[in-house]
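Dock chain U against chain G, hints included.
Quick note, the sequences are listed as chains G and U, same order. Numbers 896 to 1133, taken from the numbering used here, label the letters of the first sequence in order. Numbers 156 to 326, taken from the numbering used here, label the letters of the second sequence in order.
A hint or two may mislead.
Dumping the calculated EDC-like pairs for lysine to aspartate or glutamate here, alpha-carbon to alpha-carbon at most 20 Å [claimed, not checked]:
{"id": "1", "chain 1": "U", "residue 1": "K310", "chain 2": "U", "residue 2": "E296"}
{"id": "2", "chain 1": "U", "residue 1": "K310", "chain 2": "U", "residue 2": "E278"}
{"id": "3", "chain 1": "G", "residue 1": "K902", "chain 2": "G", "residue 2": "E943"}
{"id": "4", "chain 1": "U", "residue 1": "K310", "chain 2": "G", "residue 2": "E905"}
{"id": "5", "chain 1": "U", "residue 1": "K280", "chain 2": "U", "residue 2": "E296"}
{"id": "6", "chain 1": "U", "residue 1": "K177", "chain 2": "U", "residue 2": "E198"}
{"id": "7", "chain 1": "U", "residue 1": "K280", "chain 2": "U", "residue 2": "D231"}
{"id": "8", "chain 1": "U", "residue 1": "K280", "chain 2": "U", "residue 2": "E318"}
{"id": "9", "chain 1": "U", "residue 1": "K177", "chain 2": "U", "residue 2": "E193"}
{"id": "10", "chain 1": "G", "residue 1": "K1127", "chain 2": "G", "residue 2": "D1031"}
{"id": "11", "chain 1": "U", "residue 1": "K177", "chain 2": "U", "residue 2": "D190"}
{"id": "12", "chain 1": "U", "residue 1": "K321", "chain 2": "U", "residue 2": "E278"}
{"id": "13", "chain 1": "G", "residue 1": "K902", "chain 2": "U", "residue 2": "D325"}
{"id": "14", "chain 1": "U", "residue 1": "K177", "chain 2": "G", "residue 2": "E943"}
{"id": "15", "chain 1": "U", "residue 1": "K321", "chain 2": "G", "residue 2": "E943"}
{"id": "16", "chain 1": "U", "residue 1": "K321", "chain 2": "U", "residue 2": "E296"}
{"id": "17", "chain 1": "U", "residue 1": "K321", "chain 2": "G", "residue 2": "D900"}
{"id": "18", "chain 1": "G", "residue 1": "K902", "chain 2": "G", "residue 2": "E930"}
{"id": "19", "chain 1": "U", "residue 1": "K177", "chain 2": "G", "residue 2": "E955"}
{"id": "20", "chain 1": "G", "residue 1": "K902", "chain 2": "G", "residue 2": "D940"}
{"id": "21", "chain 1": "U", "residue 1": "K321", "chain 2": "G", "residue 2": "D899"}
{"id": "22", "chain 1": "G", "residue 1": "K902", "chain 2": "G", "residue 2": "D925"}
{"id": "23", "chain 1": "U", "residue 1": "K177", "chain 2": "U", "residue 2": "D231"}
{"id": "24", "chain 1": "U", "residue 1": "K321", "chain 2": "G", "residue 2": "D940"}
{"id": "25", "chain 1": "U", "residue 1": "K321", "chain 2": "G", "residue 2": "E930"}
{"id": "26", "chain 1": "G", "residue 1": "K902", "chain 2": "U", "residue 2": "E318"}
Label-pair ranges, simulated between beta-carbon atoms [what the hints assert, rightly or not]:
{"id": "27", "chain 1": "U", "residue 1": "Q206", "chain 2": "G", "residue 2": "H1063", "range": "24 to 34 Å"}
{"id": "28", "chain 1": "U", "residue 1": "Q173", "chain 2": "G", "residue 2": "R1076", "range": "44 to 54 Å"}
{"id": "29", "chain 1": "U", "residue 1": "R234", "chain 2": "G", "residue 2": "V1090", "range": "42 to 52 Å"}
{"id": "30", "chain 1": "U", "residue 1": "G307", "chain 2": "G", "residue 2": "S1061", "range": "33 to 43 Å"}
{"id": "31", "chain 1": "U", "residue 1": "Q276", "chain 2": "G", "residue 2": "A954", "range": "23 to 33 Å"}
{"id": "32", "chain 1": "U", "residue 1": "R172", "chain 2": "G", "residue 2": "G1116", "range": "28 to 38 Å"}
{"id": "33", "chain 1": "U", "residue 1": "E278", "chain 2": "G", "residue 2": "D1060", "range": "41 to 51 Å"}
{"id": "34", "chain 1": "G", "residue 1": "E905", "chain 2": "U", "residue 2": "T304", "range": "16 to 26 Å"}
{"id": "35", "chain 1": "U", "residue 1": "A303", "chain 2": "G", "residue 2": "P918", "range": "21 to 31 Å"}
These are calculated hints, taken from the structure and not from any lab test. Don't be surprised by glycine CBs; every beta carbon is placed ideally from N, CA and C.
Listed here are the chains, written in short residue letters.
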Amino acid sequence: MKYDDPKLREALAGRYVLGTMPPRARARFDRLIAENAAFCAEVRDWAEMFAPIDAAAIAEAPPPRIWRAIEARIGPAPVVAPARAWFDSPWFDSLWLWRGAAGFATAVAAALLIYIGVAGLTPSAPLPSVVAVLTDKSGAPAWIARSAPHGDAVSVAALGRQTIDSAHSFELWAIAGGAPRPLGLLSSQPYPGLVIAASAVPPTGGVLAISLEPAGGSPTGAPTGPVLFQGKVFSNPL
Amino acid sequence: MRRVAGGDRRGFAELYRQAAPKLFAVALRITQRRDLAEEVLQESFVAVWNQAGNYDPIKGSVMIWLTTIVRHRAIDQRRRRSNLADATAGSDDALMSLAAGPSDRADRGAELGALSRCLDQLEPKPRQAVLLAYVHGYTHEELAARLATPSGTIKSWIRRSLERLKRCLDG
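One chain only, chain G, in its complex shape (with noise of 0.2 Å):
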């Protein structure tokens, strides 16, 4: 692919962090930066390079109206926080869990803080609770399986971008005794995550894995590639 060459890379990135590059390009240059790393790194630089111009800018408070209308638009404040709400929370279950299991990545578990922190502990509103966080083999937390708050669906994503060539495709696997079943394929960006029913799901103490397969998924039903990320499904929504 054209994009391999870093000189084309440089230049198309300083475009985009100078901000020169029309709305259009921009908007596929965005789609790369999400799937290739090389991209993201070439567009850290230049934002570094040019970051003295705005840091040197000179701080204006916006009006207060900007933060109340960006609350009312994000859902209810906590109103009250009490520590009960926070250790019985399912997420806290988990942190522990994967924490204990996993000497994590220092990129993968910043991710999944900001992920944590934007679903928003807010003891008021119902929590999503988490249903299995699948690890790679050094153990790093990378994929996260949680139910919504209400309903019998599951969404799985990937915690931070995850790598993939055009040829094969992530595919996601329930583990229940028997042969794995094929649960879909799932995108390698962190947003939106796959959607699957909670009954696809297997109960408590079974596993959810993915493989490596061509793109478009496994031609025989049956997983062929290695796996490569799974982990325990430890609170079955339904």
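This is chain U only, laid out in the frame that chain G set:
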């Protein structure tokens, strides 16, 4: 940022409290209008809340990531309106003194460090083009009008200037 990472909405409020004033200044500098800058800031933070899973430490510091989001939204706002080049033509933004060359801004040199030194190595007009693009979000067309130079020339100035800046800062 640790607070956001630590897991609750108050962390997000803290992130806003710390980052919003600089980001608001950046949005104002590009949109040149308070109402639009306010909208950019609001939209950016809502997007950050909804998509923070997309943040990856490989993208650099959180502030740099946020700045890129705000700058691009501000530039989009700016592009929706025409003739902005006129509105910023008389801007006395202190940073624009950078475009004038080394003698005008001895005191800002230290703050901007290596970037400033490398900008000095560019020819005056290409330097001005790069700074107008970054600082105020000028498009190629606006730069062409402002600097009375064909758009094709502007594009090659920018391309060459970016290459030189990169080499200078890497070296």
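Evaluation of the provided hints:
no. : hint                           : in the structure
1   : U:K310 <-> U:E296              : holds (10 Å)
2   : U:K310 <-> U:E278              : holds (15 Å)
3   : G:K902 <-> G:E943              : holds (18 Å)
4   : U:K310 <-> G:E905              : holds (16 Å)
5   : U:K280 <-> U:E296              : holds (15 Å)
6   : U:K177 <-> U:E198              : holds (16 Å)
7   : U:K280 <-> U:D231              : violated (25 Å)
8   : U:K280 <-> U:E318              : holds (16 Å)
9   : U:K177 <-> U:E193              : holds (13 Å)
10  : G:K1127 <-> G:D1031            : holds (13 Å)
11  : U:K177 <-> U:D190              : holds (16 Å)
12  : U:K321 <-> U:E278              : holds (15 Å)
13  : G:K902 <-> U:D325              : holds (14 Å)
14  : U:K177 <-> G:E943              : holds (16 Å)
15  : U:K321 <-> G:E943              : holds (11 Å)
16  : U:K321 <-> U:E296              : violated (24 Å)
17  : U:K321 <-> G:D900              : holds (16 Å)
18  : G:K902 <-> G:E930              : holds (18 Å)
19  : U:K177 <-> G:E955              : holds (6 Å)
20  : G:K902 <-> G:D940              : holds (14 Å)
21  : U:K321 <-> G:D899              : holds (19 Å)
22  : G:K902 <-> G:D925              : holds (18 Å)
23  : U:K177 <-> U:D231              : holds (19 Å)
24  : U:K321 <-> G:D940              : holds (9 Å)
25  : U:K321 <-> G:E930              : violated (24 Å)
26  : G:K902 <-> U:E318              : holds (9 Å)
27  : U:Q206 <-> G:H1063: 24 to 34 Å : holds (25 Å)
28  : U:Q173 <-> G:R1076: 44 to 54 Å : holds (47 Å)
29  : U:R234 <-> G:V1090: 42 to 52 Å : violated (35 Å)
30  : U:G307 <-> G:S1061: 33 to 43 Å : holds (34 Å)
31  : U:Q276 <-> G:A954: 23 to 33 Å  : holds (30 Å)
32  : U:R172 <-> G:G1116: 28 to 38 Å : violated (53 Å)
33  : U:E278 <-> G:D1060: 41 to 51 Å : holds (42 Å)
34  : G:E905 <-> U:T304: 16 to 26 Å  : holds (24 Å)
35  : U:A303 <-> G:P918: 21 to 31 Å  : holds (26 Å)
This entry does not satisfy hints 7, 16, 25, 29 and 32, going by the numbered hints stated previously.
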